[in-house]
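A.B. asks: Residue numbers (this note's numbering), protein chains in the order written: chain A, 6 to 274; chain B, 6 to 274; chain C, 11 to 86; chain D, 11 to 86; chain E, 30 to 396; chain F, 30 to 396; chain G, 33 to 219; chain H, 33 to 219.
Hints may contain errors.
Result set (DSSO-like, lysine-lysine): computed pairs, CA atoms no more than 30 angstroms apart in a straight line [said to hold, decoys possible]:
| # | chain 1 | residue 1 | chain 2 | residue 2 |
| --- | --- | --- | --- | --- |
| 1 | F | Lys-266 | E | Lys-356 |
| 2 | G | Lys-208 | G | Lys-193 |
| 3 | D | Lys-40 | A | Lys-21 |
No lab work stands behind these hints, which were simulated from the structure alone.
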Amino acid sequence: MDTVTLEGTEYNVLAKRPESLTDKPFTYCPGCNHGTTHKIIAEVIDELDIQHRCIGIASVGCSVFSYEFFDFDFISVPHGRALAVATGAKRMRPNAVLMTYQGDGDLAAIGTAETIHACNRGERVTCIFVNNAIYGMTGGQMAPTTLLGMKTTTSPLGRDATRIGWPIKMSEMLSPLPGAAYIARVSMHDAKHILKAKAAIKKAFRAQLEDKGFSMVEVLSNCNVNWHMTPEDAVKFVKEKMTENFPLGVYKDVWEEEKAAKQPKKEEG
Amino acid sequence: MDTVTLEGTEYNVLAKRPESLTDKPFTYCPGCNHGTTHKIIAEVIDELDIQHRCIGIASVGCSVFSYEFFDFDFISVPHGRALAVATGAKRMRPNAVLMTYQGDGDLAAIGTAETIHACNRGERVTCIFVNNAIYGMTGGQMAPTTLLGMKTTTSPLGRDATRIGWPIKMSEMLSPLPGAAYIARVSMHDAKHILKAKAAIKKAFRAQLEDKGFSMVEVLSNCNVNWHMTPEDAVKFVKEKMTENFPLGVYKDVWEEEKAAKQPKKEEG
Amino acid sequence: MPMIEILDDACKGCLLCIPACPHELIHNTKAKLNKRGLYPVEYVDPEGKCTGCRLCAIVCPDVAIRVYKEVKKKSA
Amino acid sequence: MPMIEILDDACKGCLLCIPACPHELIHNTKAKLNKRGLYPVEYVDPEGKCTGCRLCAIVCPDVAIRVYKEVKKKSA
Amino acid sequence: MSDDRVFMKGNHAACEGAYRAGCKAYFGYPITPQNEVTEYMSAHIWEHGGTFIQSESEIAAINMIMGASAAGARAMTSSSSPGISLKQEGLSYIAMMELPMVVMNVVRCGPGLGNIAPHQGDYFQATKGGGHGDYRLITLAPNSVQEMAQYVYDAFNLADKWRNPAMVLTDGTIGQMMEPVDYTSMPWMEPPDKSEWQLDEFQDGRKRHVLTSIWLDPADMAVAHEKLIAKYDKLKKEEVRYSEYRTDDAELLVVAIGSPSRVTHSAIRILRQEGLKVGLLRPITVWPFPYSAIREYADSKHVKAILVPEMNWGQMIEDVKLAVLDKKPLHFVPKHGGLTFTPEDLTEPIRAILENPDNPDTLWRVS
Amino acid sequence: MSDDRVFMKGNHAACEGAYRAGCKAYFGYPITPQNEVTEYMSAHIWEHGGTFIQSESEIAAINMIMGASAAGARAMTSSSSPGISLKQEGLSYIAMMELPMVVMNVVRCGPGLGNIAPHQGDYFQATKGGGHGDYRLITLAPNSVQEMAQYVYDAFNLADKWRNPAMVLTDGTIGQMMEPVDYTSMPWMEPPDKSEWQLDEFQDGRKRHVLTSIWLDPADMAVAHEKLIAKYDKLKKEEVRYSEYRTDDAELLVVAIGSPSRVTHSAIRILRQEGLKVGLLRPITVWPFPYSAIREYADSKHVKAILVPEMNWGQMIEDVKLAVLDKKPLHFVPKHGGLTFTPEDLTEPIRAILENPDNPDTLWRVS
Amino acid sequence: MLLEEYIFAGFGGQGIMTIGQIIAYAGMLQGFNTAWIPSYGPESRGGTANCNVVISDELIGSPHTHHPNGVIVMNAPSFEKFEPMMAPAGVLVVNTNLVPQRSERDDLTQVCIPTADIALEVGHPVLAAVAGLGAFVATRGVVEDTYMEKGIDWALPAHRKDMLELNLRAYHEGKKAAEAQLKKAAK
Amino acid sequence: MLLEEYIFAGFGGQGIMTIGQIIAYAGMLQGFNTAWIPSYGPESRGGTANCNVVISDELIGSPHTHHPNGVIVMNAPSFEKFEPMMAPAGVLVVNTNLVPQRSERDDLTQVCIPTADIALEVGHPVLAAVAGLGAFVATRGVVEDTYMEKGIDWALPAHRKDMLELNLRAYHEGKKAAEAQLKKAAK
Ligand SMILES: Cc1ncc(C[n+]2csc(CCOP(=O)(O)OP(=O)(O)O)c2C)c(N)n1
Ligand SMILES: Cc1ncc(C[n+]2csc(CCOP(=O)(O)OP(=O)(O)O)c2C)c(N)n1
Ligand code: SF4
Ligand code: SF4
Ligand code: SF4
Ligand code: SF4
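Here chain A stands alone, though its shape is the one from the complex (with noise of 0.2 angstroms):
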């Protein structure tokens, strides 16, 4: 552990910068949770010791700038395609780790192909996808995600299902996948569930590090500039909201299924 030593007293420092994030300040506005997910994404990467290999694919969204906070390889692509992109350079560079960085507008409308195909070829890249509703970089317009009755700038009236359908929920779509290793859906409403998607993004890491396919983990985010909220009102939101529509879970855990598959089945009674 780094310690420091401040006033002539040496410390331990318990919470500290991810060696695997560059020193620039993240251009996020103030309480967007893609910042809490860049620096646990980057602690995950610093602690399985992969940062020199890690290969990032920054998609079209807030996080377009990604590249310039994470500190390794990375790529900026089309809007929607990440996932072919990072198809394309794992199978060229097997030993490298390959991380898609995606917003929803990214992943579940305009990449909705791209998404399920390399799911469906289990394609050994990890998928983060930062939901939050609603397409950030461009002002506010509805998301694939964007909750019903949900004011954007595209659904004035509030998301209406008849006219423009249901928020789609990706992990569900994809876990059914017999490609996806892991599929997990978490929340960075609170520090207890920071720390959960933490340990699912550890853990979906190790799905491609382990060779075992396609994973992606689903962050439910705020995007409090565009839900015109304040920061604290936005992962409320998050907390009460989404995790409502978005349920929380694990929806595929190729592990478990290996355990499952290998235990005798139980005799009844």
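Add chains B, C, D, E, F, G and H with the ligands to chain A, keeping to what the hints say.
C.D. replies: Same frame as chain A, but now just chains B, C, D, E, F, G and H with the ligands:
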């Protein structure tokens, strides 16, 4: 019922060419179930008496010329985009009956996003999805639905899950979406199943006519030519292998759900 | 009595109707070539076994089979 | 004794750390503007209540909180 | 001054032009700097009896428009550069099926993700056809908020008149700026009757309508091609539009579109005060392109040189060269990266060219 | 005759050229008339240590290629017209990120679905940039099976040399036909080292590599632009390629590419027997285009007229016009619908032009 | 020929865009050609936001202003960026609540007023920008008050019309503060 | 100058494409430039399939043949389509098993042989096309047998090499049948 007089005797005509087909003979290969599927669709349209309200969307695939066989308004559209085109047309013509006719490459590969989002929006259109586990028109390449081990011109050693993923199950994927009103998988392998298929197609159109939402019938079909089988063997393959991998059944039935919702919950015991 | 008619020029000789018929009334005789250059199947029913079940017509992908049933004259 | 440090220029004043601290040691004082033109929060712990639980740091989106814990000198 | 002027953003005015033209379908996907179109449509098209869908992608949007147009409605989509690239396949189909519709490109700076500043890097894509096969979009290039409304309105009429897709090609500046708009030249109108060919639910008693772009036999396809060519030839004769400003005695003719054409205006004012004879020819239709109008100036005695300023590395200048040929020296002043022109960016080279019409600093050659 | 000749399809030969160049990734989606590429790759790239994926779409394919190229591999995709339209956004990104890769377009007849016959309707798309923003693909146009292999091979080398995407632009005829190929000019090679910029798992002890195409500040983007422009200018100077056949005394110069250039060959043989002086200049790189080579002929005393035959409505002829300007009469002979040229299609107009270099039947004008 | 070119700059959310639109709209009512354009995009997130306004009696060339003759700076980074760009004889309004810098240029008219303080006095912090606008018009008196007042009304959305009164007061308070300062300077 | 332009046509699946490739390959071995091209695409589904072959001692222009000087028609629709296109003095091989028509042109050499019968005699119906090819070479003797035989070998995939013997026999039987007919005609 039509009658005809042959050599002096008057007969009822029990089976003949439906009204909703043109006179043009199908150009499909001998034994191809595209023909069978066309025929039962046309019968359903005749029976529902909606021929002159139907707008067909021909997709790119062996059925690209379906507009020459169906006798109502039709448009031929880019590969994979049938459901987007249908959406645009239906929104402008809510009283028209929209049908897309799509192959597995069209619907489940290049058109994945359009398929999922049309379903998710609950578009009032009816999608006939002919799953023959191969790209027929282009000469027998692998489809997203190609079975594991199946040899195609682009999986010459047989489809291998670790390289190219698993056969994708669209009915299963779409049916959990709230926009889906009716989703069923049927097969063309014998007369009994063809009749069942027809009933399913009728229900699918009814879902549209009753404004319930999106409807799709996945039709398991043969492509004997590109499977390199006789029609008889191909049909057997559908019966045995295709249905094993793609279980038949109704995956979503809005009427059943409505009924269930109305029924008072049964007491235990 | 019911009977079927094979439209020779529509038939592509796929033979799917043959197993469909419960009475084995359709045969792959290769007796003639149609204008497509294909061998249409032949319907042979000297004993009048056809029940008009339509199974052959249902499986025919090319709508090449018509099924007829004698009109029962209502007794006046 | 554990303690935290708020990196003033990294803090964006989102205030998410305030409810995270079980001992209410972080405050929105608006006492100073940082170089971003934002008001960083302030850590006030005269009684040394901080347990080094890291909860504030975990929720901070901008990695603006460092947590320190005194090194226990091993007795020689 | 008319009292009817309202103060609006270019992107909003485009929507108002569409409503007045009877547009009943807008399908689109957000992208800066045209988000205001999608947003304004989502809020207001319902009031005009129309429908809005935020599509899952630009590809879905163009194909939804294909459906709406086939069903007889006036339909529009819009996007900015990367999103327009994704629409190319759809546009090619729409053009071959001769479906009328309007697509607006509020161009941003490319290639790639680039940035969201105004740019003109999509000129070739718009005018030569970014999609496969030979086809053309009737392409109008507004340079003011007033024209955003007007040319969207006009684009609908041209699209229906010719059964051809029409593009409104503009840049981020024009889309983002607010200016006064006067709608009196855009009366509310009913779209023309398309029952001759549209797909609808009234097929009883008429022949069915089929829209397709496939003719497997080359001989049949050739017929379809020749029909299109004949249409385009006619269009080229009848629909060329451009505007002129102080060109009659101009010794230097500037050819510019979009926001650079506005800066040219300022530059000309400055230069004319110095007694320098400078004029502007502004193509309004960039396809069909006003070749002969420009050629006339190239042939004229008073014009000594021609200058093209573009916010790109030289695209429209190829069309200008095809008009000017070797008749007069042709000069190019580019602006890169999404930076915008200042009047000085133009006045300085223009002074130099008027001193020496072959001034090598800006002389443009095919290479 | 060399004994090393093998008899192959153009589409297959292209794959062999790729293998010899060290191509390790092919991702593609079926489309006629280039299915043989996808199929041959699926069967054989493994033998050369490479990987094949039949992608879910052309868009996925081009983006997978982006990933493979970024990871340092030689990578290739191919398609035909509609599929190439779908790749435009990806190509624009790839060009701006200066990623080397090869894309082949075995052009079919468009617009829309069109048909699968050979065509040249995608010339503009390939050479002027079908995607958004200013960028260029190094574009090679083979006209034989031998050249299919050779130019794919060369395209990989050019792409790496210039860190620029390269296109092989051909037509259905060349892709579908079989001819003898001699591979001795394509020795098996190792791709060059890209550890300077590639993304990989060996980052320990080096600076990280970042590939991007976004520069939000126009001033930064302008720098990126100017770097690209400088590269393109250099490319134009150094990489122009063309071939000539009996041009030295030609009174009529034909400029043609792809399968029409082969028919031109036959036509010239026929006409030369009649004593008519006809020659062929065939651009091999259509970008950069051999403007100056053509201009020299336009300037020459012996050339009286120039003829361009294209299987489209006139695209390359604009580039030829930019070279020829008004120096000599320029003629156009098109072929529509996917129909192919016969030698007679060319001999007749050529005889007429040689009688009257301004023969109005084929004279081409900018309009 | 009249050619007014303004840049108004500050944080996102301070109301900078709106005051630009107000004066451009008011200028239109007064009979001028006017144009407004934002500096748009994500770079404005948390950073500076600014808009350009052009008012002219001729056709307006570019709405982009490279040498403004009128500037309002509502925060410190904006001062750094725009003060040096100003045309000679321009007018600079500095929000002293957030801008510590002062222009040393002697070819500008500088007015320094505490817009936030004025806003709070009038009754609401959001009024700071309008107060700044008042100060600006006091100094660069091209658009008349009657039109400015109509502009302020126009800019308020229907459900915020109750704020009209407060906005007008803030505008005039800002104007007064500037006039006082100008008078002092004139002495 | 040698310029041989052939069209071989019939049903899909009859082996038409292969016999075209064989002669083109054989021509290459003999030292010529050769080219082969299919009429490709779905229109061939169930309809006619055909390929073009060009053999020349000069550079080959187009592989597409509009006026062939050699044609094999294996089914009736092909006769209709290609017989009228033939260049004068061309050679036409007609498969009498499936083609009822006969050419009435007197500027052609016509050979009519029952390829299916020959194939069955030799031992397998798939050999019909090769029998037709034999007949063709007998009539249009540009490519020599040694090369044709190598071509037949080359065209057989590795797992079908056991069919080589049969194929060669069918080729020579076809050739013999044609030679007999030509001899008769010559008399
Ligand atoms: C092809 C294309 N279409 C649209 C855009 C514009 N665009 C940029 S980011 C974005 C969506 C951002 O939303 P999301 O993916 O949810 O990420 P967030 O910003 O919320 O983190 C869009 C539509 C683009 N850059 N490219
Ligand atoms: C954009 C585009 N990509 C590819 C193609 C080529 N193509 C035509 S049909 C087809 C697939 C056909 O398979 P499927 O949809 O399963 O229908 P089937 O032919 O089996 O009935 C493909 C890839 C095309 N026309 N357009
Ligand atoms: S706009 Fe939303 S998602 Fe983007 S940085 Fe701000 S809060 Fe985060
Ligand atoms: S190729 Fe297959 S799908 Fe197509 S018509 Fe033939 S059998 Fe049917
Ligand atoms: S099923 Fe139809 S097409 Fe097939 S053999 Fe029987 S009658 Fe002929
Ligand atoms: S959570 Fe971090 S950024 Fe937010 S107020 Fe606390 S220290 Fe500042």
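A.B. asks: Against each hint, give a clear statement of whether it holds in the structure.
C.D. replies: Results of checking the hints against the structure:
1. F:Lys-266 to E:Lys-356: holds, 26 angstroms
2. G:Lys-208 to G:Lys-193: holds, 23 angstroms
3. D:Lys-40 to A:Lys-21: Given pair Lys-40 (chain D), Lys-21 (chain A) holds - Cα atoms ~24 angstroms apart, limit 30 angstroms.
Checked against the numbered hints given earlier, this structure breaks none of them.
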